[in-house]
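In the order they appear, the protein sequences are chains A and B. Counting from 1, one number per residue, gives the positions in the first sequence under my numbering. Counting from 1, one number per residue, gives the positions in the second sequence under my numbering.
Any given hint could turn out to be false.
In this list, chains with the same sequence are indistinguishable; a pair is considered to hold if it fits within one copy or across any two.
[What the hints assert, rightly or not] Cross-link-like lysine-lysine pairs, in silico, DSS-like; alpha carbons within 25 Å at most:
1) Lys22 with Lys92
2) Lys92 with Lys23
3) Lys243 with Lys23
Just so you know, these hints were derived from the structure itself, not from any lab.
2 protein chains.
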Amino acid sequence: MPREISAFSNPLVKRVRSLRDKKHRREEGLFMAEGLRILAEAREAGHLPDTLFFAAKSAPHPLLDRLIAETEADGGEAIATTPDILHKLSGKDNPQTVLGVYRAFDTHLGRIDRAEADLWIVAQALRDPGNLGTILRTGDAVGAGGLILVDDCVDPFSVEAVRATMGALFTQRIATASWEEFVAWLRAGEGELIGTSLAATTDYQAPRYARPAFILVGNEAQGLPPAYEAECDRLVRMPMLGKADSLNAAVATAVMAYEVINQWRHA
Amino acid sequence: MPREISAFSNPLVKRVRSLRDKKHRREEGLFMAEGLRILAEAREAGHLPDTLFFAAKSAPHPLLDRLIAETEADGGEAIATTPDILHKLSGKDNPQTVLGVYRAFDTHLGRIDRAEADLWIVAQALRDPGNLGTILRTGDAVGAGGLILVDDCVDPFSVEAVRATMGALFTQRIATASWEEFVAWLRAGEGELIGTSLAATTDYQAPRYARPAFILVGNEAQGLPPAYEAECDRLVRMPMLGKADSLNAAVATAVMAYEVINQWRHA
């Protein structure tokens, strides 16, 4: 049976709210995700929350009922609460009526099995949580295996990033590594590293991309460092017909990824 | 000669700061853009600010000097100020060292000349300023003429949207219209309306797209209303190979737009 919490001063409320800070997420090994749609996606991917908060007065919903029952059967706790507390937890003006606290995933690069997919996305020093979330969501759409975060990227378990993934955080693999670790891992197996660069002279539609393909996207402001570009097996550029000299990082990743899978599905 | 403002209580500081609210932008017919890169892009596109704020102690920069001189020659005012006031104006933790106040553009649909470009982007009820900005930036990259905002979209002159355009706000045309106004305008001339939809059965690479092409993107959460889909000359879908059922709106727009221009450049 779900217990009820309606006091802002409840220590659990404070503790969960603190998960909005990276420091506390690290210490607790937990993160939060909001919204029935994302939590249902997580459940389908085999992830149930440690703690599930839902609005006590929300209309009955079979998906929510199932989430509550399965969370409790899995040893987790379901907690009925108020919209005000959900607002306090999520920090959103229009909080979702359901919020889950999940154990953070092990993001060691060694846990990635490249044979699981033909396509992987690698982001370097990505700073914007919305871009990170959007790239994971795109990864899901193009059938990528997951996202490898190289160097100092924004935390994929931040509330904003999780929100932008629309659930893909639970269906895509995530790893973090230094550039040196990543390159050593990459070169220990098969795979072509594909970078997009303003300096490239090869059109992105010219090469025939081999499997597995690793698409490398650089920092939003700086792009890829020259040494990283030099490591790429293919360095390509998209046509830029206007005045601007770059695309949004998540957009560039998606345009590149669709080119790769389009080649493969027409081959 | 630029004057100096260092008092928070200065009425001009208050007035410019109020431009972060849509209501005040409307009343004043003004909006703000930040960052030397974006302001330089605006200048190249023929837009000089009414008022230019810059950090009094910023390192000399030829681009900034030229902006100051041209703003003053154009009848505008250049104001040297403090980092604290720039922070207060922009609302950003790391404010740019330069901020311009511009007259809002006339966004009547009747001012759009479709003959100016082969590609136009149309967004319906787009809610996220980052998506709007990213779509404008993509529009610039694919050589689109501009963005037509249909129904209740987020304000393209909001600080967040302007920031995300990376300057494309000044190089792309912008119009706002109701759906009825847009359809009447569209059908009074040439052009194919291309919608992307989960309900579509046609792969987005199957049709041969004709010029001018109007790419229609729907609201982030709901997608396009059925009646709007019915109005499309082409309704297509991108392959979705994962668990998710949709792409981020700005990503979907970019993938679609690159397909259209790729067809044309290979034709």
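Here's how the hints hold up against the structure:
1. Lys22 with Lys92: Both: 17 Å inside a chain and 20 Å across chains, each within 25 Å.
2. Lys92 with Lys23: This pair counts as both: shortest intra-copy Cα distance 20 Å, inter-copy 22 Å.
3. Lys243 with Lys23: Intra 41 Å, inter 31 Å, cutoff 25 Å: neither.
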